[in-house]
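Enquirer: Residue numbers (my numbering), protein chains in the order written: chain E, 207 to 385; chain V, 207 to 385.
Simulated from the structure, these hints should not be mistaken for lab results. Nothing here was measured: the structure is a model prediction, and the numbers come from that model. There may be inaccurate statements among the hints.
Stated by the list, open to error - Chain E side only, calculated, beta carbon under 7 Å to chain V, not exhaustive:
1. 214
2. 241
3. 281
4. 282
5. 284
6. 315
7. 342
The beta-carbon is built from N, C-alpha and C at its ideal position, and this holds for glycine as well.
Protein chains: 2
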Amino acid sequence: MKYCSSCGAQVELGIPEGDTLQRYICRACGVIHYQNPKIVVGCIPEWEDKILLCRRAIEPRLGLWTVPSGFMENAETLVQGAERETMEEANASVRIGPLFAIYNLPHINQVHVLFRAQLLDLGFSPGIESLEVRLFTEPEIPWETLAFRVIREPLKRYFVERREGVLRFHMGTIGALGT
Amino acid sequence: MKYCSSCGAQVELGIPEGDTLQRYICRACGVIHYQNPKIVVGCIPEWEDKILLCRRAIEPRLGLWTVPSGFMENAETLVQGAERETMEEANASVRIGPLFAIYNLPHINQVHVLFRAQLLDLGFSPGIESLEVRLFTEPEIPWETLAFRVIREPLKRYFVERREGVLRFHMGTIGALGT
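Next up, chain E with everything else stripped away, as it sits in the complex (with noise of 0.2 Å):
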């Protein structure tokens, strides 16, 4: 951030009065400009005894595989924006059951939130950002192109809770490589 949004004066960094962090504040206008985490949401669809990934069809992580996520968007749930981003990826309808895992992700300022949700027919399609779109057993999963660690760590925990029969929310973090 270079520019205040609201009246087009440069901005600096500094620590608002009664504040503790660092922000870009606008010397013109008085303008704080905050900037929080975002929220990734999506879905696990399960069909019978598999679950939908996609072929992701754009950067980062062109052509490894997913579940159907993305960026929150205003105004919307997290229910409407896991729904949302399996249509658009999967052209894919589901019913949207529990949640299943939250995920910090600080070095990048995002929180991931997942649902388990029903795949409710056959009529998947790859959408724009995806290249394919395909059910997979647990022993087709293709763990070695999972596209990010926030996915293969709960599809890991999903498949062994799923094994015990017992599925429960669990929340977690990852950091930055190597930590």
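We have chain E; now place chain V onto it with these hints.
Expert: Only chain V this time, still in chain E's reference frame:
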């Protein structure tokens, strides 16, 4: 948003190619300025059969009571955010416990995340954003002067479930007043 925070040129509203929603777009430098929901994180600090509430020293809802909570900051986790807000507003040390509730507030682009927490000692006092901080038993809760619906709803449920002996995570949506 009137000006591009990257280059200072005027932005305009439009739907970027491949997108479906209006965004602020800078035609000068090409940056698309996405706006996404913010996370408000807090906790219900418990001490024996009491919980800790703060009376707000700032707008909105100056003078009314709420649990310690506030906007999650970049580079922190949800748990760290809840701990920080509790220290800032009540000078209170807590050990954050289970996730208790998530509320969508799509009309103001917020997601509220509320944990249960254990108050670690009685050395609390009003922080700069609080007029007063105190412990309340259930009959003492100031239901008529709670600051927000997004506090009242989970607290109602908290006390019902506590009496039943089972506190369960739940998710809800609070719309605009009258909706």
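Enquirer: All hints, please: hold or fail.
Expert: Results for each hint:
The closest approach between the C-beta of residue 214/E and any C-beta of chain V is roughly 4 Å, which is under the 7 Å cut-off, so the hint is satisfied. Look at residue 241/E: its Cβ gets to within about 6 Å of chain V, closer than 7 Å, so that hint holds up. Using the Cβ-Cβ criterion of 7 Å, the hint placing residue 281/E at the interface with chain V is satisfied: the shortest such distance is roughly 5 Å. Using the Cβ-Cβ criterion of 7 Å, the hint placing residue 282/E at the interface with chain V is satisfied: the shortest such distance is roughly 6 Å.
Using the Cβ-Cβ criterion of 7 Å, the hint placing residue 284/E at the interface with chain V is satisfied: the shortest such distance is roughly 6 Å. Checking residue 315/E against chain V: minimum C-beta separation of about 4 Å stays under 7 Å; hint holds. At a threshold of 7 Å, the smallest CB-CB gap from residue 342/E to chain V is about 27 Å, leaving the interface hint violated.
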